[in-house]
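Undergrad: The lines below spell out each chain.
There are 2 protein chains.
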Amino acid sequence: MKNIYIIGIGLIGGSFARDLRRHLPEATIYGIDTNEQHIIEAQSLGLIDAAATQKDLVKADLVVLAIPVDIAVHVLPDVLNHIGENTLVIDMGSTKQAICEAVASHPQRRNFLACHPIAGTEFSGPSAAIEGLYNGKTNIVCEVEKTAFKLQEKVLELFKKMGMRMRYMDPVSHDKHIAYMSHLSHISAFMLGKTVINKEKNERDIFDMAGSGFASTVRLAKSNPVTWTSIFKQNKTNVLKTLEEYIANLNEFKALMEADNFQGIHDEMENTNHIKEILNGIK
Amino acid sequence: MKNIYIIGIGLIGGSFARDLRRHLPEATIYGIDTNEQHIIEAQSLGLIDAAATQKDLVKADLVVLAIPVDIAVHVLPDVLNHIGENTLVIDMGSTKQAICEAVASHPQRRNFLACHPIAGTEFSGPSAAIEGLYNGKTNIVCEVEKTAFKLQEKVLELFKKMGMRMRYMDPVSHDKHIAYMSHLSHISAFMLGKTVINKEKNERDIFDMAGSGFASTVRLAKSNPVTWTSIFKQNKTNVLKTLEEYIANLNEFKALMEADNFQGIHDEMENTNHIKEILNGIK
Numbered sequence: 001m002k003n004i005y006i007i008g009i010g011l012i013g014g015s016f017a018r019d020l021r022r023h024l025p026e027a028t029i030y031g032i033d034t035n036e037q038h039i040i041e042a043q044s045l046g047l048i049d050a051a052a053t054q055k056d057l058v059k060a061d062l063v064v065l066a067i068p069v070d071i072a073v074h075v076l077p078d079v080l081n082h083i084g085e086n087t088l089v090i091d092m093g094s095t096k097q098a099i100c101e102a103v104a105s106h107p108q109r110r111n112f113l114a115c116h117p118i119a120g121t122e123f124s125g126p127s128a129a130i131e132g133l134y135n136g137k138t139n140i141v142c143e144v145e146k147t148a149f150k151l152q153e154k155v156l157e158l159f160k161k162m163g164m165r166m167r168y169m170d171p172v173s174h175d176k177h178i179a180y181m182s183h184l185s186h187i188s189a190f191m192l193g194k195t196v197i198n199k200e201k202n203e204r205d206i207f208d209m210a211g212s213g214f215a216s217t218v219r220l221a222k223s224n225p226v227t228w229t230s231i232f233k234q235n236k237t238n239v240l241k242t243l244e245e246y247i248a249n250l251n252e253f254k255a256l257m258e259a260d261n262f263q264g265i266h267d268e269m270e271n272t273n274h275i276k277e278i279l280n281g282i283k
Numbered sequence: 001m002k003n004i005y006i007i008g009i010g011l012i013g014g015s016f017a018r019d020l021r022r023h024l025p026e027a028t029i030y031g032i033d034t035n036e037q038h039i040i041e042a043q044s045l046g047l048i049d050a051a052a053t054q055k056d057l058v059k060a061d062l063v064v065l066a067i068p069v070d071i072a073v074h075v076l077p078d079v080l081n082h083i084g085e086n087t088l089v090i091d092m093g094s095t096k097q098a099i100c101e102a103v104a105s106h107p108q109r110r111n112f113l114a115c116h117p118i119a120g121t122e123f124s125g126p127s128a129a130i131e132g133l134y135n136g137k138t139n140i141v142c143e144v145e146k147t148a149f150k151l152q153e154k155v156l157e158l159f160k161k162m163g164m165r166m167r168y169m170d171p172v173s174h175d176k177h178i179a180y181m182s183h184l185s186h187i188s189a190f191m192l193g194k195t196v197i198n199k200e201k202n203e204r205d206i207f208d209m210a211g212s213g214f215a216s217t218v219r220l221a222k223s224n225p226v227t228w229t230s231i232f233k234q235n236k237t238n239v240l241k242t243l244e245e246y247i248a249n250l251n252e253f254k255a256l257m258e259a260d261n262f263q264g265i266h267d268e269m270e271n272t273n274h275i276k277e278i279l280n281g282i283k
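Residue numbers (my numbering), protein chains in the order written: chain B, 1 to 283; chain W, 1 to 283.
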């Protein structure tokens with residue numbers, strides 16, 4: 001793969017570029033971004049070699065789509081209109097149903113591989129890009145059978161080099177499960193942050209009381225609002241369901257406390273302790 | 001300080017012992033614990049030199065109380081009955097009102113300093129003890145004026161050596177604010193863990209989808225249920241208040257999503273983003 005185009009050169013696209021530099025040093029990396037400042041930054045950070053436009057995509061071996069998911073569904077069909085016969089297009093979005101539907105009957109559907117590398121940090125923009133972000137992470141691939149085998153092959157080898165573990169799933173299941181495993185955590189963190197800020201906004205000193213436990217639980221509340229609004233919009237039904245269950249569990253916990261049922265409180269926590277085993281292997 | 005007694009030799013007491021080894025190498029450290037296995041473990045790990053009982057406390061220079069807060073309120077008055085004239089007793093509990101009230105009119109009140117070092121991990125027991133746990137952490141001291149100045153002095157110097165930053169607060173304010181800054185995070189994490197486990201218990205593969213974001217948000221759900229039941233019991237009123245506000249914020253977020261008000265969702269997250277600045281300086 002000689003010519004690689006990254007559309008959206010922020011945390012996700014930029015980190016991918018850093019790994020490309022390492023594993024495909026001979027490739028030329030082009031950046032496409034509506035934010036001109038990001039292009040300049042990405043170039044000065046060495047993430048990309050040059051800026052490009054959609055018209056150039058005909059020369060691409062690989063196109064990486066790393067933009068907010070609700071924009072990606074509109075951009076992807078157009079990208080597929082511009083590519084060459086042997087171009088592979090991958091996306092990196094946190095939702096998979098809408099994007100797979102958007103190109104289901106596109107004549108170049110076989111040039112597209114729907115991916116979701118479960119990796120990220122709470123930061124954003126080209127300067128947040130880090131080498132090795134994808135190392136040891138799970139990459140969920142959806143509808144793999146709809147992508148030309150020859151094209152899959154070359155990128156799966158690259159993913160492997162980057163240290164990713166591949167999992168195959170249908171887009172509907174992906175969106176349902178990822179709502180529990182990722183999207184709900186973000187709402188939980190954002191609302192924890194809001195609750196504390198609302199209460200303590202006039203008491204700066206109070207934040208000296210924040211320990212590493214609070215910092216860890218609230219970390220995702222630093223995440224990019226544009227990225228996440230886009231995800232919540234696209235995965236609305238699944239996310240609402242997880243949110244309902246979460247609120248119901250919190251109300252149950254509250255009712256146990258109000259009833260002074262502290263044995264019940266203890267058992268709730270003990271039963272949840274086995275999240276330990278589940279999390280084994282995740283840093 | 002030659003003779004130091006640690007009552008409760010788990011994560012908190014054990015980590016304190018590790019720092020004592022470094023900063024007061026000449027001191028003899030005794031352990032008191034109702035869990036005999038913990039005493040054996042603590043001794044083999046070098047956290048303590050020998051086991052002791054309450055009767056020995058008359059010889060103590062320093063007694064460190066590091067047991068669940070609802071037990072501490074009963075143990076502390078008895079400890080004060082057994083100490084010598086120049087013994088200082090400190091506690092390490094996450095709630096301060098009940099313990100200060102429990103000894104308010106005790107004849108040895110001036111031998112007690114109410115402390116809350118905001119430090120910990122999600123693990124427990126002597127084997128979880130780590131050196132340097134208190135380094136860079138805030139230690140909230142309550143009712144400092146009720147402790148004999150000479151006795152305060154020697155332990156404040158030790159805290160400083162361990163790298164702690166001192167803050168002074170009344171116990172009622174402490175318990176109110178710590179409910180937001182620490183206790184609520186634990187409930188939020190435990191119920192997130194519960195929601196996900198309930199949903200996904202029959203789908204082991206799904207946990208491959210857990211990324212570092214989920215791991216961070218749910219981390220505190222590994223915490224010790226005995227420690228935390230005890231804290232929720234003692235700080236019930238404040239914790240219930242934070243929990244109500246948290247649930248109200250989650251319901252509001254849910255209502256915005258149901259109404260397809262994604263500009264509102266965006267603004268909620270953007271307003272909370274400034275948790276970044278608040279968390280600056282917390283690892």
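Possibly wrong hints are sitting among the right ones.
Identical chains blur together in the list; that is why a pair holds if it fits in one copy or across any two.
[Said to hold, decoys possible] Below, a list of computed lysine to aspartate or glutamate pairs in the EDC-like style, where the Cα atoms sit at most 20 Å apart: (1) LYS254 / GLU244; (2) LYS241 / GLU252; (3) LYS146 / GLU157; (4) LYS150 / ASP56; (5) LYS2 / GLU26; (6) LYS176 / ASP61; (7) LYS199 / GLU252; (8) LYS2 / GLU258.
These aren't lab readings, by the way, just hints derived from the structure by calculation.
Undergrad: Hint by hint, say whether it matches the structure.
TA: Status of each hint after checking the structure:
In this assembly of identical chains, LYS254 and GLU244 lie within 20 Å of each other by CA distance both inside one copy and across copies; the values are 15 Å within and 8 Å between. Taking CA atoms no more than 20 Å apart as the test, LYS241 paired with GLU252 passes in both settings, with 17 Å inside one copy and 15 Å between copies. Within a single copy, LYS146 and GLU157 get their C-alpha atoms as close as 18 Å, which meets the 20 Å cut-off; across copies the closest is 68 Å, which misses it. Proximity of LYS150 to ASP56 under the C-alpha cut-off of 20 Å is found in neither arrangement, the shortest distances being 22 Å within a copy and 77 Å between copies.
In the homo-oligomer, the alpha carbons of LYS2 and GLU26 lie at most 20 Å apart inside one protomer (7 Å), although the nearest pairing across protomers, at 66 Å, exceeds that limit. Proximity of LYS176 and ASP61 under a CA criterion of 20 Å is satisfied in neither setting, with 32 Å inside one chain copy and 59 Å between copies. For a Cα distance limit of 20 Å, the shortest separation of LYS199 from GLU252 across copies, 16 Å, qualifies, whereas the shortest one inside one copy, 23 Å, does not. Within a single copy, LYS2 and GLU258 get their C-alpha atoms no closer than 64 Å, and across copies no closer than 46 Å, so neither meets the 20 Å cut-off.
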